[in-house]
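Protein chains: 2
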Amino acid sequence: MVVKNVMNMNPGDGATSYANNSGLQKAVISETLPLVDETLKAMFSAANGRFHAKCLKLVDLGCSSGPNTLFIISYILNAIEDLCSNRINSANDHHLPEFEVFLNDLPDNDFDNLFKLLLNSNLFNGKKTRHCFLYGLPGSFYCRLFPSNTLHFAYSSYSLHWLSQVPEGMESRNQENICIARTSPPEVFEAYAKQYQRDFSTFLSLRGEEMIAGGRMVLTFRGRSVEDPSCTDDSAHLTLLSQTLLDMVAEALGFEVCNEWVTLVVIHQGEYGNEWVTLVVIHQGEYGVIVEHVKKEDLYSFNIPLYPPCEQEVKTVIENEGSFHLDKLHGFRVRWDAHDNVVDDEDNPILKKHRSGKLVADCVRAFMEPMLAAHFGSSIVDELFGREPYDRMSPLGGCGNTCPHKWTPSTIGGRKLIDFSRNS
Amino acid sequence: MVVKNVMNMNPGDGATSYANNSGLQKAVISETLPLVDETLKAMFSAANGRFHAKCLKLVDLGCSSGPNTLFIISYILNAIEDLCSNRINSANDHHLPEFEVFLNDLPDNDFDNLFKLLLNSNLFNGKKTRHCFLYGLPGSFYCRLFPSNTLHFAYSSYSLHWLSQVPEGMESRNQENICIARTSPPEVFEAYAKQYQRDFSTFLSLRGEEMIAGGRMVLTFRGRSVEDPSCTDDSAHLTLLSQTLLDMVAEALGFEVCNEWVTLVVIHQGEYGNEWVTLVVIHQGEYGVIVEHVKKEDLYSFNIPLYPPCEQEVKTVIENEGSFHLDKLHGFRVRWDAHDNVVDDEDNPILKKHRSGKLVADCVRAFMEPMLAAHFGSSIVDELFGREPYDRMSPLGGCGNTCPHKWTPSTIGGRKLIDFSRNS
Numbered sequence: 029m030v031v032k033n034v035m036n037m038n039p040g041d042g043a044t045s046y047a048n049n050s051g052l053q054k055a056v057i058s059e060t061l062p063l064v065d066e067t068l069k070a071m072f073s074a075a076n077g078r079f080h081a082k083c084l085k086l087v088d089l090g091c092s093s094g095p096n097t098l099f100i101i102s103y104i105l106n107a108i109e110d111l112c113s114n115r116i117n118s119a120n121d122h123h124l125p126e127f128e129v130f131l132n133d134l135p136d137n138d139f140d141n142l143f144k145l146l147l148n149s150n151l152f153n154g155k156k157t158r159h160c161f162l163y164g165l166p167g168s169f170y171c172r173l174f175p176s177n178t179l180h181f182a183y184s185s186y187s188l189h190w191l192s193q194v195p196e197g198m199e200s201r202n203q204e205n206i207c208i209a210r211t212s213p214p215e216v217f218e219a220y221a222k223q224y225q226r227d228f229s230t231f232l233s234l235r236g237e238e239m240i241a242g243g244r245m246v247l248t249f250r251g252r253s254v255e256d257p258s259c260t261d262d263s264a265h266l267t268l269l270s271q272t273l274l275d276m277v278a279e280a281l282g283f284e285v286c287n288e289w290v291t292l293v294v295i296h297q298g299e300y301g302n303e304w305v306t307l308v309v310i311h312q313g314e315y316g317v318i319v320e321h322v323k324k325e326d327l328y329s330f331n332i333p334l335y336p337p338c339e340q341e342v343k344t345v346i347e348n349e350g351s352f353h354l355d356k357l358h359g360f361r362v363r364w365d366a367h368d369n370v371v372d373d374e375d376n377p378i379l380k381k382h383r384s385g386k387l388v389a390d391c392v393r394a395f396m397e398p399m400l401a402a403h404f405g406s407s408i409v410d411e412l413f414g415r416e417p418y419d420r421m422s423p424l425g426g427c428g429n430t431c432p433h434k435w436t437p438s439t440i441g442g443r444k445l446i447d448f449s450r451n452s
Numbered sequence: 029m030v031v032k033n034v035m036n037m038n039p040g041d042g043a044t045s046y047a048n049n050s051g052l053q054k055a056v057i058s059e060t061l062p063l064v065d066e067t068l069k070a071m072f073s074a075a076n077g078r079f080h081a082k083c084l085k086l087v088d089l090g091c092s093s094g095p096n097t098l099f100i101i102s103y104i105l106n107a108i109e110d111l112c113s114n115r116i117n118s119a120n121d122h123h124l125p126e127f128e129v130f131l132n133d134l135p136d137n138d139f140d141n142l143f144k145l146l147l148n149s150n151l152f153n154g155k156k157t158r159h160c161f162l163y164g165l166p167g168s169f170y171c172r173l174f175p176s177n178t179l180h181f182a183y184s185s186y187s188l189h190w191l192s193q194v195p196e197g198m199e200s201r202n203q204e205n206i207c208i209a210r211t212s213p214p215e216v217f218e219a220y221a222k223q224y225q226r227d228f229s230t231f232l233s234l235r236g237e238e239m240i241a242g243g244r245m246v247l248t249f250r251g252r253s254v255e256d257p258s259c260t261d262d263s264a265h266l267t268l269l270s271q272t273l274l275d276m277v278a279e280a281l282g283f284e285v286c287n288e289w290v291t292l293v294v295i296h297q298g299e300y301g302n303e304w305v306t307l308v309v310i311h312q313g314e315y316g317v318i319v320e321h322v323k324k325e326d327l328y329s330f331n332i333p334l335y336p337p338c339e340q341e342v343k344t345v346i347e348n349e350g351s352f353h354l355d356k357l358h359g360f361r362v363r364w365d366a367h368d369n370v371v372d373d374e375d376n377p378i379l380k381k382h383r384s385g386k387l388v389a390d391c392v393r394a395f396m397e398p399m400l401a402a403h404f405g406s407s408i409v410d411e412l413f414g415r416e417p418y419d420r421m422s423p424l425g426g427c428g429n430t431c432p433h434k435w436t437p438s439t440i441g442g443r444k445l446i447d448f449s450r451n452s
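Chains as they are written, first to last, in the working numbering: chain A, 29 to 452; chain B, 29 to 452.
Chain A on its own, in the form it takes in the complex (with noise of 0.2 Å):
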C-alpha cells in the first residue's frame, strides 16, 4: 500500500517545529497512562507465564520526533521494569529482560532529531543498567514492519487518525473543506469512512501477523463524539483553518485583476547631440503589490487524508477483522489548550484568550505546515498562521454571536482510547 501524501510533522527543534508545538499531544499521553500501566500489568504480572522472554519488542507506531517520544516509550520502561522486578523478587526469575524497542514513524519524519535527544536521554538506564536497544523503522504502519509472531506490545498516540491516503475521486468534491466538515456532501462522508474501515482493518490484520498470541496493543486516536458527521464539527479548528484559505482566495480573487502581468514601456523622447531620437526603454514587472495568494483550485482540490472515527465504527472494524480482542474503548475529551499552564495573567482574560488561541495555532502549524507547504506552497505558510486573530482559534470562545466558529470545550473533539489484545 503507497501512503501518498506528505504527512510528516514540521521537523527540528525550531520554534515553529513539532518538538516544540506537541504539548497538546502529551496531555493527550498523560491521559492514557492509567490505562497503560493496567495493560501492562496485566501481560506481565507473576501469575502470566507468558511473558517471561528474555528480550521483549515493543513499538510506538506514529512516534514522530521530539520529548513526548521518549517520555512514553520511558514510561513503558519503567512499568515494565517494575512489574518484572516484583515477579523477580516473588519466583525463581532473576533477571530482567532485554528490550528492543522500535520507533516508527513514515521515512519522511525527522529521525535525525530523534537520534540526537536519544543519545541524551537516560533511556539507557533504568534503576539498574538496562539493556535496551532502540532502533528507527522508517515506514508506514498500513504495510508490514515487522516478521511474524514477534512483536509484544504496540502503542501508537495521535496517528492512527491519518488515513493511508485521501480517499480517491475527492477532486472538488469536499469544496473548500479540507477533511470531513458539517458542509461535505455525503458521498465524501461516505467515501472518508470506506477508506478508515479499509486502512484501520489492514493496520489490525498486519498488526495480528506480527504480534506474539497474548500481545497487546494501546492505542489512541482522534475521534468523533457522534456518530453523524453533520451533527458536530469535531475538526473546527480545521475548518477554520480551511475557512482562512478560503479568505485568502476571495483575496487572490480581487487581486488578480490587477495582477495581470504586464510590460511597461516608459518612453522618453530626448536630444543626442543634433539629432532626434527615440529611446524605448522596456521593463517587464508587476503591476500592484506582491502579495502571496491561494487559488480557488488548489483550495478545492486540497485535502488532508484525516479521519476522526466514532466510537462504533472503531468497534465495528475490530469485530469484523478478528484477529483481537477489545478490551477496552473510551472515549475522553482534552481541551486544545490543555498545556496551557501560564498562571500569571489569569485576571486577565483577553489576554489568556489570546494565548492559548496562538497554543492551538502553533501546534496546527506543527502539525499542517509540510502538508500545506507540499500543496499551496511553502511561501503562504506564515501569512496563513500569522493572518489569523488567535483568540478564534482559542478553546475560550468569547468571540461573539458574530463569529460562527465559537470555541468551546463541548465542541471540541472527543479521542478514542483504545486497549486491545490479541486473539490467542
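Keep in mind that the hints are not guaranteed to be accurate.
Put simply, identical chains are the same to the list, so a pair is met inside one copy or across any two.
[As the list claims (entries may be wrong)] Derived pair list, reagent style DSBU-like, types lysine-lysine, alpha-carbon separation capped at 35 Å:
(1) LYS82 - LYS323
(2) LYS343 - LYS82
(3) LYS54 - LYS386
(4) LYS69 - LYS356
(5) LYS343 - LYS356
(6) LYS144 - LYS323
(7) LYS144 - LYS324
(8) LYS222 - LYS144
(9) LYS82 - LYS356
(10) LYS69 - LYS82
(11) LYS222 - LYS54
(12) LYS356 - LYS323
(13) LYS144 - LYS82
(14) LYS144 - LYS386
(15) LYS323 - LYS386
(16) LYS222 - LYS323
(17) LYS324 - LYS356
(18) LYS54 - LYS356
(19) LYS323 - LYS343
(20) LYS380 - LYS69
(21) LYS144 - LYS54
Hints were generated in silico from the structure; no laboratory data involved.
Dock chain B against chain A, hints included.
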C-alpha cells in the same frame, strides 16, 4: 564507552557529500563479494541445519549513508535467497526466511537521507515479494547494539579502522601529524596500537554476546601493509592533508605579524561655522587582508581516531579475545582512484592525473570534513581542499623527485578483509 569524536561522513547528497564521493569504498566492497558469497554459502548450505531460522537478523555496522549501503544489503539478501531457494528445492522446507536488516552507524550519521534512499530502493522485492524489514540503528559498535544471542550475520566495510576515541594524552605529542605517520614518535604508535587492541577486543566481545552460535561476520577495514608503522606511510593522503594544514599554519604565522587588530584614527581638521573644530572619526577594523588561517596549537592538538592495523595485530586480538574463530584473513591493495573509470582522456596523462587526484581529494573531504570543521571551524575547509594541488593526491604520482609524496600504487595502504565465525 563514550565515542568522543565527531566521526560522521559528509551528509546529504550534494557535491561534497559522502553519498556522492564513496566510489573508493564501492570498489573495496566489490573486492569482498566473492568472500561474502563463500561465507554465506557455508552458513546457508542445505547441509547446515542451524540456519533454518524463520527470521534472519543481519546488520551493516558503520553503514554510513549512500548507495553503497543499499548495494551491499541488496547483494547479501539476494545471495541468501538464492541459497535458501536451492535448499527449498532439495528439502521439505517451503518458505523463504523473513529478514530483519539493521543499518548501524553513529547517531550523527545522515539516517534521514538513508531512509529516503531505502524508500526508493527495490530492497523489499527480491525474486518473489520479500518480507524484509529495515531498521536504523543509531549507536557506536563499541557498545551493545542487540539483545543476546539474536544476530545471524554482521557485515562491516571500511569502518573498523575508526577507533572509539583518540588515545588519551595525545595533545601535542604527535606534533603536526593528524594520525600515526612515519614521523610519529614511538609513544604515539604505542598509544594508538593499545587503543586499537582495546577497541577491537571490545567489539568482538560485544558481538560475541549478540550473535547466535555459528553466526558469522565479514569485516573489511583499512590495514597496514607492514608491522613497523615507521617503515611505511600507508596513510600518505592524510600525511599530505596534515602538511597542507602545516602550510596554512606557516602562512598564518607570517600573516599574523600584520594581522594585529589596530584602531585606525582618521583625523580631519575642518571649519564649522567660524570655529575651528577637530573631528575624530574612529573605526575599529582589521589591517591587512582577511584570510582563513590555521593556528599552530589547533593543528598540534588535532588527532583523528584512525588506526590501520597490521595482520598480526588483528590475529592476536581475535585469538586473545576468544569469542570467534578466524576463518580467513586476506590483505589486498586498492588504488585510491580505483573508481576512476573515465577513459576518454587516457592519452592525456596530465588530465588523468589531475582527475584522479581530485577523486582522492573529494573522497578524503567526504570523510574528513565534519572532523576538520568541528576542530578548525568550517571556514577553512573550502580553502584546504581548494588549495590542494590535486596532482600530488593522485596515486599516478609523477610530480618528480622534488615532491616527497610521490604516490604510486605500491605505497597505497593495504586493507584487511576478514571473515570469521563465532565459536560455537
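To see whether the hints hold, each was checked on the structure:
1. LYS82 - LYS323: neither (58 Å within a copy, 54 Å between copies)
2. LYS343 - LYS82: The answer is both: 34 Å in one copy and 34 Å across copies each meet 35 Å.
3. LYS54 - LYS386: within (17 Å within a copy, 51 Å between copies)
4. LYS69 - LYS356: Within one copy only: 15 Å inside, 50 Å across.
5. LYS343 - LYS356: within (10 Å within a copy, 59 Å between copies)
6. LYS144 - LYS323: between (40 Å within a copy, 31 Å between copies)
7. LYS144 - LYS324: between (41 Å within a copy, 32 Å between copies)
8. LYS222 - LYS144: between (39 Å within a copy, 30 Å between copies)
9. LYS82 - LYS356: Both ways: LYS82 and LYS356 sit 28 Å apart in one copy and 34 Å across, limit 35 Å.
10. LYS69 - LYS82: Both: 18 Å inside a copy, 30 Å across copies.
11. LYS222 - LYS54: Result: close within a single copy only, 30 Å intra versus 48 Å inter.
12. LYS356 - LYS323: Neither: 45 Å inside a copy, 66 Å across copies.
13. LYS144 - LYS82: Answer is both: 28 Å inside a copy and 34 Å across each meet the 35 Å cutoff.
14. LYS144 - LYS386: both (28 Å within a copy, 33 Å between copies)
15. LYS323 - LYS386: within (26 Å within a copy, 49 Å between copies)
16. LYS222 - LYS323: Classified as within: same-chain Cα gap 29 Å, cross-chain 67 Å, threshold 35 Å.
17. LYS324 - LYS356: neither (44 Å within a copy, 68 Å between copies)
18. LYS54 - LYS356: within (21 Å within a copy, 53 Å between copies)
19. LYS323 - LYS343: This pair counts as neither: shortest intra-copy Cα distance 40 Å, inter-copy 69 Å.
20. LYS380 - LYS69: Neither: 40 Å inside a chain and 69 Å across chains, both beyond 35 Å.
21. LYS144 - LYS54: Both: 20 Å inside a chain and 28 Å across chains, each within 35 Å.
The structure shown violates the earlier hints numbered 1, 12, 17, 19 and 20.
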